[in-house]
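A.B. asks: First to last, the sequence lines map onto chains U and P.
Be aware that the first sequence starts at 7, since it is given in the numbering used here, and climbs by one per residue.
Be aware that the second sequence starts at 23, since it is given in the numbering used here, and climbs by one per residue.
Keep in mind that a hint or two might mislead.
[Unchecked claim] Over 10 Å on every C-beta distance to chain P, these chain U residues come out as not near it, computed from the model: (1) E10; (2) L12; (3) A14; (4) S15; (5) G18; (6) A19; (7) A22; (8) G31; (9) V59; (10) P62; (11) P63; (12) D66; (13) A69; (14) G71; (15) Y72; (16) Q78.
[To be verified] Coverage of chain P stretches by chain U, computed from C-beta distances (three or more under 8 Å per stretch; other residues unrestricted): (17) 180 to 187; (18) 192 to 198.
To be clear, the hints were calculated from the coordinates, so they are not data collected in a lab.
Every residue, glycine too, gets a C-beta built ideally from N, C-alpha and C.
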Amino acid sequence: MSVEFLVASAIGALTAAGIYLTLRGRTFPVVLGIAMLSYAINAFLFSMGRLVVDQPPIYDPEAAGYTDPLPQALVLTAIVISFGMSALVVVLALRAYLESGSDHVDAEPKDQAMPRDGRHKGEGDAR
Amino acid sequence: MNLMIVPILVPAIIAALCLFRPIRLSRWARRLSLGSTLVILISALLLFLSARDGTISTYELGDWPAPFGIVMVLDRLSAMMVLLTSLLALAVLGHAVMTGLDRRGWHFHPLFQFQLLGLNGAFLTGDLFNLFVFFEVLLIASYGLMLHGQGAERLHAGVKYVVVNLVGSTLFLIAVGILYGVTGTLNMADMAQRVAEASPGDQPLIRAGAQLLMAVFALKAALLPLHLWLPQTYARTSAPVAALFAILTKVGVYSILRVTILIFGEDAGAVAWAPAGWMLPASILSIAAGFIGVLAARRMRVLSAFAVIGSTGTLLVAVSVFEPAATSAALYYLPHSTLAGAMLFLVTDLIVRGRSEGEDWLRPGAPFAGMAQLSALFLLAAIAMAGLPPLSGFIGKLLILDATAANHAAPWIWGAILGGTFLAILGLARAGSTLFWKSADGEMIPGAKALQPRVFVPAWGLFALLAALTVFAGPASDYAEATVQQIYDRGAYIDAVLGTDRSGS
Numbered sequence: 007m008s009v010e011f012l013v014a015s016a017i018g019a020l021t022a023a024g025i026y027l028t029l030r031g032r033t034f035p036v037v038l039g040i041a042m043l044s045y046a047i048n049a050f051l052f053s054m055g056r057l058v059v060d061q062p063p064i065y066d067p068e069a070a071g072y073t074d075p076l077p078q079a080l081v082l083t084a085i086v087i088s089f090g091m092s093a094l095v096v097v098l099a100l101r102a103y104l105e106s107g108s109d110h111v112d113a114e115p116k117d118q119a120m121p122r123d124g125r126h127k128g129e130g131d132a133r
Numbered sequence: 023m024n025l026m027i028v029p030i031l032v033p034a035i036i037a038a039l040c041l042f043r044p045i046r047l048s049r050w051a052r053r054l055s056l057g058s059t060l061v062i063l064i065s066a067l068l069l070f071l072s073a074r075d076g077t078i079s080t081y082e083l084g085d086w087p088a089p090f091g092i093v094m095v096l097d098r099l100s101a102m103m104v105l106l107t108s109l110l111a112l113a114v115l116g117h118a119v120m121t122g123l124d125r126r127g128w129h130f131h132p133l134f135q136f137q138l139l140g141l142n143g144a145f146l147t148g149d150l151f152n153l154f155v156f157f158e159v160l161l162i163a164s165y166g167l168m169l170h171g172q173g174a175e176r177l178h179a180g181v182k183y184v185v186v187n188l189v190g191s192t193l194f195l196i197a198v199g200i201l202y203g204v205t206g207t208l209n210m211a212d213m214a215q216r217v218a219e220a221s222p223g224d225q226p227l228i229r230a231g232a233q234l235l236m237a238v239f240a241l242k243a244a245l246l247p248l249h250l251w252l253p254q255t256y257a258r259t260s261a262p263v264a265a266l267f268a269i270l271t272k273v274g275v276y277s278i279l280r281v282t283i284l285i286f287g288e289d290a291g292a293v294a295w296a297p298a299g300w301m302l303p304a305s306i307l308s309i310a311a312g313f314i315g316v317l318a319a320r321r322m323r324v325l326s327a328f329a330v331i332g333s334t335g336t337l338l339v340a341v342s343v344f345e346p347a348a349t350s351a352a353l354y355y356l357p358h359s360t361l362a363g364a365m366l367f368l369v370t371d372l373i374v375r376g377r378s379e380g381e382d383w384l385r386p387g388a389p390f391a392g393m394a395q396l397s398a399l400f401l402l403a404a405i406a407m408a409g410l411p412p413l414s415g416f417i418g419k420l421l422i423l424d425a426t427a428a429n430h431a432a433p434w435i436w437g438a439i440l441g442g443t444f445l446a447i448l449g450l451a452r453a454g455s456t457l458f459w460k461s462a463d464g465e466m467i468p469g470a471k472a473l474q475p476r477v478f479v480p481a482w483g484l485f486a487l488l489a490a491l492t493v494f495a496g497p498a499s500d501y502a503e504a505t506v507q508q509i510y511d512r513g514a515y516i517d518a519v520l521g522t523d524r525s526g527s
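Only chain U is shown next, with the shape it has when bound in the complex (with noise of 0.2 Å):
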């Protein structure tokens, strides 16, 4: 098998998963579908600058070939980026869960019908 189906289908499975967890309806398979999904994109990011096997990224007075190095920044960028989401969404989730005792994605608070009393209060008097 050629390294490219192998990156490919790492990829397509990957991102299968992703989308399959991110639609659950819990917030923890959520982050776990999110965290899937940015591994696959970075995966993906990086074979955009087409597969080279033992070729060097910068300049290099022996070297025959070079291989793309752009796609590697970026995914240094896109990594960056992602693991700071994938933190703030899990303190995010629990800090949710923890003020509400729902972990569901959809979990409402109850503000569907006219509350008799005023309960939802706003942000504090004008000083």
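Since the structure of chain U is provided, determine the placement of chain P on it from the hints.
C.D. replies: The following block gives chain P in isolation, referenced to the frame of chain U:
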């Protein structure tokens, strides 16, 4: 032309300064934040003046030549967007400071500055991956701002907002990856050239990349059916933040305009105007969904959020026709739509603060202090939002109707815009009469604090901008027309970015 970097560099430095503990806890955070916003406003004005004569100036970061390094590009469209952002930011920041919203958490000012950094960067960059990075900057700041003040409701809406936008960013990366893989460049001007020269075998991939990219921008612009995140997010966050977010949907609109016309424009062969086919019906449906939502809303912030969807839909109808006349009408309507949406949110916030226990349900309550002035403000904001004369919304809608009259979809466009306006009038009139007339009888809440007169200033300021847009409608639409000529003249943009006689560096 190094002034171009000021709207990006200043907020970055000030945001970092505001994070320091001694500054964060003192009055200096406010002063620094206000000062930085003023500096950005002044530099935006200067940039606007310098771009007015039609020169496209570029600034190469680190002096790397254009297709290899990152380049900032300033033309009329970018200058207009940066100026609009800074005007809106000043009003919102003023409102947040005067109502004490910024004291309800530690990091309001740094987040606000990072938000400005992301917005200005997105408007000024000439590089597709850089656009992604600035999108991320503004989104990350918006996550923080959206959660500012906290509460269980806001956290739950925040989880959804963050997840939706993370998926959006993922799609953005896929699209950028595909386009880079096919064209081998990320510079927008360079990509425009390469897409025009692409071989037939590459065109399906470019097409896929283009559609994905447009889907992401449509998600930011809250185009139907990608609008579902918006009402909850805007209704659950604090109203001044939602007012600032009125420009976030316009980042999507700006990106659609810039990328489609430049890269996937008429020279692009088989991929030319790729998104136009589905964007027009989707934006017509957005108008319907937005203004029906206005009519159905039972909370004031939900009402304002749906009004933003409807108004952005109106804007996108004019954009998705992709004809110069319609685009110029859209560029006149764009600042109006932003300012009107923001004003509606600020007025909503003032009303919620004035009412008993700060409730934002649309139901009669006890009368409250400052009702007279608030009802006047609400009336003006409603007129602006619905697009009634004499304010600029009317002129903007008229321009859009006029520009689309010859289009094959004209009956649909006219029906949607006029029907949407009618629904908006009904919804806003119902809300206003419930809030002000039905509340007017009954007893005043004992001991209710009156709002200080100065908290009304930012909302009146936004109204003054709308009035200026109405009074100077002639020069404004001339500017929009000149802008459209400039952005449809792709050769000039490409020459300015890649050519040898660069005015920058």
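A.B. asks: Evaluate each hint against the coordinates.
C.D. replies: Hint by hint, here is what the structure shows:
1. E10: holds, 13 Å
2. L12: holds, 18 Å
3. A14: The assertion about A14(U) holds, with a minimum of 13 Å to chain P.
4. S15: holds, 17 Å
5. G18: holds, 12 Å
6. A19: It holds; A19(U) is separated from chain P by about 16 Å at its closest Cβ, greater than 10 Å.
7. A22: holds, 14 Å
8. G31: With a cut-off of 10 Å, G31(U) remains clear of chain P, as the shortest Cβ separation is near 12 Å.
9. V59: holds, 18 Å
10. P62: The assertion about P62(U) holds, with a minimum of 18 Å to chain P.
11. P63: holds, 15 Å
12. D66: The claim stands: D66(U) keeps its Cβ more than 10 Å from every Cβ of chain P (closest is about 19 Å).
13. A69: Given that every Cβ of chain P is farther than 10 Å from that of A69(U), nearest at about 19 Å, it holds.
14. G71: holds, 15 Å
15. Y72: holds, 13 Å
16. Q78: The assertion about Q78(U) holds, with a minimum of 12 Å to chain P.
17. 180 to 187: holds (count 5)
18. 192 to 198: holds (count 4)
This entry satisfies every hint, going by the numbered hints stated previously.
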